[in-house]
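Chemist: Sequence:
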Amino acid sequence: MALLTPAHTAWIGRTETPITVEVSRRDIQKYAAATEQLAEKYVRGDEAPPMFIFNLFSPIPQLAELREDGLSRAGSSGPRLPLKRIMAGGTEIRQHRAIRPGDVLTGTRRLVDLYEKQGSTGPLIFMVRELAITDAQQRPVMEEIQTSIAR
Numbered sequence: 001m002a003l004l005t006p007a008h009t010a011w012i013g014r015t016e017t018p019i020t021v022e023v024s025r026r027d028i029q030k031y032a033a034a035t036e037q038l039a040e041k042y043v044r045g046d047e048a049p050p051m052f053i054f055n056l057f058s059p060i061p062q063l064a065e066l067r068e069d070g071l072s073r074a075g076s077s078g079p080r081l082p083l084k085r086i087m088a089g090g091t092e093i094r095q096h097r098a099i100r101p102g103d104v105l106t107g108t109r110r111l112v113d114l115y116e117k118q119g120s121t122g123p124l125i126f127m128v129r130e131l132a133i134t135d136a137q138q139r140p141v142m143e144e145i146q147t148s149i150a151r
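For the sequence shown, position 10 (counting from the first letter as 1) is numbered 10 according to our numbering, and the numbering increases by one without interruption.
Since the hints were derived computationally from the structure, they do not count as laboratory data.
All of these numbers come straight from a predicted model, not from anything done at the bench.
Ideal placement from N, C-alpha and C gives every residue a C-beta, glycine not left out.
Among the hints, erroneous ones may be present.
As the list claims (entries may be wrong) - Have a look at the derived ranges for each label pair, beta carbon to beta carbon:
1. Arg85 with Ala2: 31 to 41 Å
2. Arg139 with Pro82: 36 to 46 Å
3. Gly102 with Thr9: 23 to 33 Å
4. His96 with Thr9: 27 to 37 Å
5. Leu63 with Arg94: 27 to 37 Å
6. Thr9 with Glu40: 42 to 52 Å
7. Ile12 with Gln118: 15 to 25 Å
Could you put the whole structure together from the sequences, leaning on the hints where they help?
Modeler: Rendered as structure tokens:
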């Protein structure tokens, strides 16, 4: 029995509202310290490590919107899935150029695919999202492909 309906798959190809951020040297330095980076280019803030983009293009929730664990109650946009337990299924990053202080970047998320498979313990739903990051001249900087698995 199929769990995904045409209403679910109609989300494929939809994009979220783009978010634009300006990267500061201090942002890079704080991230480098928090993630124990050792490379001088990161410590000095000359260049951002690839995972610097993690949550950089997420909306900033209000305090009242946070759960006890600090995560947003709102979650991500997209279809409500019939399976509720969400697991990370993998991340692929393609970096076209380094992120540097002063960069003005725009991140646009898009639902790339949504499909189901039968696992050994039951049905699984795979959700594949892309985050496309461009600079102020709309040149590609990085793409991040994330797969989530609902079971």
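Chemist: For every hint, state whether the structure bears it out.
Modeler: Now for the hints, and whether the structure bears them out:
Separation of arginine 85 from alanine 2 is about 19 Å and departs from the stated range, judged on CB atoms against 31 to 41 Å. At roughly 40 Å, the beta carbons of arginine 139 and proline 82 sit within the given window of 36 to 46 Å. Separated by about 41 Å at the C-beta atoms, glycine 102 and threonine 9 break the suggested range of 23 to 33 Å. For the hinted restraint 27 to 37 Å between histidine 96 and threonine 9, the CB-CB distance of approximately 30 Å keeps it satisfied.
Restraint check, leucine 63 to arginine 94: a C-beta distance of roughly 35 Å satisfies the suggested window 27 to 37 Å. A hinted range of 42 to 52 Å for the beta carbons of threonine 9 and glutamate 40 is consistent with their spacing of about 47 Å. Distance hint check for isoleucine 12 and glutamine 118: the Cβ-Cβ separation is about 20 Å, which falls inside the suggested range of 15 to 25 Å.
The structure does not agree with the numbered hints 1 and 3 stated previously, though it agrees with the rest.
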